[in-house]
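J.: Here is how the chains run, residue by residue.
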Amino acid sequence: MDLATICNVNKKLLDSKIKAIIESDPNLPEHYREQLSQLLFSSGKRLRPIFTVLGSYFGNADEDEVYNLAALFELIHTASLIHDDIIDKAEIRRGKPTLHTINGITNTLILGNYLVSLCCEIVSKYEFEEYYYDSFSLTDLCRSEITQQRLLFNFDITYEDYITKTKNKTALLIAASLLGGAKLAGADEKTLKRLYNYGINLGISFQINDDILDFTQDTTHLGKPNGADLINGNITLPVILALKDKRINAHIRQLSKQSSIADFNYCINYIKNSKWIKKSQKISRKYLKKAKNAIKGLNHDKKTVLIEILKMLDKRTH
Amino acid sequence: MMTNPFIEYINNFINDNTPLPFLKREDKYQEMVQALTEHNLTEYTELISACYSLFYTALDYHLTAQEQHDYLPYAVLLGDFISSYVAEILYKHNLFDLLKTFAYSTKEIMLNLLTNKSEDKLLENIITTLKKQVPQWT
Numbered sequence: 000m001d002l003a004t005i006c007n008v009n010k011k012l013l014d015s016k017i018k019a020i021i022e023s024d025p026n027l028p029e030h031y032r033e034q035l036s037q038l039l040f041s042s043g044k045r046l047r048p049i050f051t052v053l054g055s056y057f058g059n060a061d062e063d064e065v066y067n068l069a070a071l072f073e074l075i076h077t078a079s080l081i082h083d084d085i086i087d088k089a090e091i092r093r094g095k096p097t098l099h100t101i102n103g104i105t106n107t108l109i110l111g112n113y114l115v116s117l118c119c120e121i122v123s124k125y126e127f128e129e130y131y132y133d134s135f136s137l138t139d140l141c142r143s144e145i146t147q148q149r150l151l152f153n154f155d156i157t158y159e160d161y162i163t164k165t166k167n168k169t170a171l172l173i174a175a176s177l178l179g180g181a182k183l184a185g186a187d188e189k190t191l192k193r194l195y196n197y198g199i200n201l202g203i204s205f206q207i208n209d210d211i212l213d214f215t216q217d218t219t220h221l222g223k224p225n226g227a228d229l230i231n232g233n234i235t236l237p238v239i240l241a242l243k244d245k246r247i248n249a250h251i252r253q254l255s256k257q258s259s260i261a262d263f264n265y266c267i268n269y270i271k272n273s274k275w276i277k278k279s280q281k282i283s284r285k286y287l288k289k290a291k292n293a294i295k296g297l298n299h300d301k302k303t304v305l306i307e308i309l310k311m312l313d314k315r316t317h
Numbered sequence: 000m001m002t003n004p005f006i007e008y009i010n011n012f013i014n015d016n017t018p019l020p021f022l023k024r025e026d027k028y029q030e031m032v033q034a035l036t037e038h039n040l041t042e043y044t045e046l047i048s049a050c051y052s053l054f055y056t057a058l059d060y061h062l063t064a065q066e067q068h069d070y071l072p073y074a075v076l077l078g079d080f081i082s083s084y085v086a087e088i089l090y091k092h093n094l095f096d097l098l099k100t101f102a103y104s105t106k107e108i109m110l111n112l113l114t115n116k117s118e119d120k121l122l123e124n125i126i127t128t129l130k131k132q133v134p135q136w137t
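Protein chains in written order, with numbering that gives the first Met the number 0: chain A, 0 to 317; chain B, 0 to 137.
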């Protein structure tokens with residue numbers, strides 16, 4: 000069973016809302032609209048909008064409004080992916096060439112900006128300001144990404160640095176999506192706090208899993224080479240743990256932007272087959288447990304869905 | 000302009016955290032100050048002029064990102080950071096109509112850039128929005 004089914008999300012309605020926003024501006028040249036559609040309707044997990052819908056179950060909200068907000072969270076996430084691909088010099092996204100390889104860097108940055116402005120325009124149109132701007136701060140997210148740039152190829156990054164980065168990079172938007180739906184539905188303060196903590200811990204676990212899959216998943220499924228994070232200088236949990244290993248420590252520390260792909264592959268293959276992957280999985284589970292603890296006092300029939308999601312994420316393989 | 004707290008915050012952040020210079024848009028700042036003064040809309044001069052100027056600073060980082068080579072990630076992220084900061088301070092000051100105007104007008108600017116047109120109605124639209132609001136302020 001997939002996440003959308005567990006959460007009883009109306010995928011058709013969600014997709015129609017996303018499509019309606021993308022098609023709302025007749026002035027956007029057709030080829031750009033087509034590119035955005037391809038990106039939005041390829042194999043994305045729809046994690047953030049699903050959490051918005053899930054959040055709305057903890058109160059009462061108009062379904063149409065909930066799905067409009069959910070679509071916005073998917074679109075803002077997509078805009079961030081477009082810019083991320085430029086930063087990471089990624090050539091493939093969800094099995095397709097990334098937009099900057101087609102349009103060039105400047106036009107793709109502008110297209111990403113267009114999408115953000117379009118989202119903000121829709122936020123104003125539906126008077127969603129409170130649910131959108133209050134739930135998370137895009138400014139904080141960008142500020143954190145900027146300060147994290149100095150940690151690229153910095154092998155002295157601590158576990159705490161990594162968790163902070165992970166929280167800002169992934170967990171905040173997941174928690175915000177959940178919170179946005181719950182706020183829109185008028186959930187009480189205690190519930191909001193519990194859902195937020197659940198979302199943060201689930202988000203951290205989810206990102207740790209992504210970082211593990213970057214090493215372990217077959218490249219066809221991954222859509223990029225194994226260890227792409229390390230090649231980009233992004234030091235993730237399996238690498239931080241492997242740095243404790245005397246047999247690979249010196250090899251990892253020698254890596255830099257100038258290193259050969261063979262040097263990277265030596266470290267990537269070592270980590271992929273090491274105990275540090277299992278250790279990372281254990282830490283990921285620790286955060287799932289924290290997410291479960293966050294909703295301990297929650298009395299609501301939809302709590303079972305929250306727990307079901309944790310079980311599903313625990314078994315996640317892609 | 001240098002005493003503007005919003006612009007100073009961005010200037011200091013860039014100096015402290017990135018290798019890139021602050022792409023100050025004094026021209027845009029002064030353009031907005033002048034327009035607000037001419038139309039007798041001086042209630043939020045400091046904030047609105049900062050937002051207007053910072054929008055072009057953010058855009059300049061994106062328009063020049065490709066030339067930054069090793070510093071490209073900083074240019075991309077700074078553009079994103081500054082434009083979200085503009086939206087955030089408008090929201091925090093409850094200037095929802097202006098937020099809407101910024102969203103619509105900046106979307107149109109991006110669209111024009113994508114289609115090689117030079118039209119830019121941000122200043123005009125801000126003034127129109129503010130004029131509609133004057134009775135609420137007084």
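None of these hints come from the bench; they were simulated from the model.
A hint or two may mislead.
Below, a list of computed lysine-lysine pairs in the BS3-like style, where the Cα atoms sit at most 25 Å apart [claimed, not checked]:
| hint | chain 1 | residue 1 | chain 2 | residue 2 |
| --- | --- | --- | --- | --- |
| 1 | A | 256 | A | 281 |
| 2 | A | 44 | B | 91 |
| 3 | A | 168 | A | 245 |
| 4 | B | 130 | A | 271 |
| 5 | A | 124 | B | 23 |
| 6 | B | 120 | A | 124 |
What follows is a list of derived Cβ distance ranges for each label pair [stated by the list, open to error]:
| hint | chain 1 | residue 1 | chain 2 | residue 2 | range |
| --- | --- | --- | --- | --- | --- |
| 7 | B | 70 | A | 19 | 49 to 59 Å |
| 8 | B | 19 | A | 315 | 44 to 54 Å |
| 9 | B | 70 | A | 23 | 32 to 42 Å |
| 10 | B | 8 | A | 285 | 49 to 59 Å |
| 11 | B | 8 | A | 151 | 18 to 28 Å |
| 12 | A | 292 | B | 122 | 45 to 55 Å |
Using N, Cα and C, we set each Cβ at its ideal position, and we do this for glycine too.
J.: Now look at each hint and say whether the structure bears it out.
T.: Okay, the hints, checked on the actual structure:
1. About 30 Å separates the Cα atoms of residue 256 of chain A and residue 281 of chain A, which puts this hinted pair outside 25 Å; it is violated.
2. The suggested pairing of residue 44 of chain A with residue 91 of chain B is violated, with an alpha-carbon distance near 32 Å, which exceeds 25 Å.
3. With a C-alpha separation of about 30 Å, the suggested pair residue 168 of chain A and residue 245 of chain A falls outside the 25 Å cut-off, and the hint is violated.
4. Between residue 130 of chain B and residue 271 of chain A the alpha-carbon distance is near 62 Å, which puts this suggested pair outside the 25 Å criterion.
5. The hinted pair formed by residue 124 of chain A and residue 23 of chain B fails the criterion: a straight-line CA distance of about 32 Å is larger than 25 Å.
6. This hinted pair checks out: residue 120 of chain B and residue 124 of chain A have alpha carbons roughly 19 Å apart, not beyond 25 Å.
7. Residue 70 of chain B and residue 19 of chain A have their C-beta atoms about 38 Å apart, which leaves the hinted 49 to 59 Å range violated.
8. At roughly 38 Å, the beta carbons of residue 19 of chain B and residue 315 of chain A sit outside the given window of 44 to 54 Å.
9. Our hint of 32 to 42 Å for residue 70 of chain B and residue 23 of chain A holds, since their Cβ atoms are close to 35 Å apart.
10. Our hint of 49 to 59 Å for residue 8 of chain B and residue 285 of chain A is violated, since their Cβ atoms are close to 37 Å apart.
11. Checked against the hint of 18 to 28 Å, the C-beta distance between residue 8 of chain B and residue 151 of chain A comes to roughly 25 Å, which is consistent with it.
12. Under the hint 45 to 55 Å, the C-beta atoms of residue 292 of chain A and residue 122 of chain B, about 52 Å apart, fit the expected range.
Of the numbered hints given earlier, the model fails hints 1, 2, 3, 4, 5, 7, 8, 10; all others are met.
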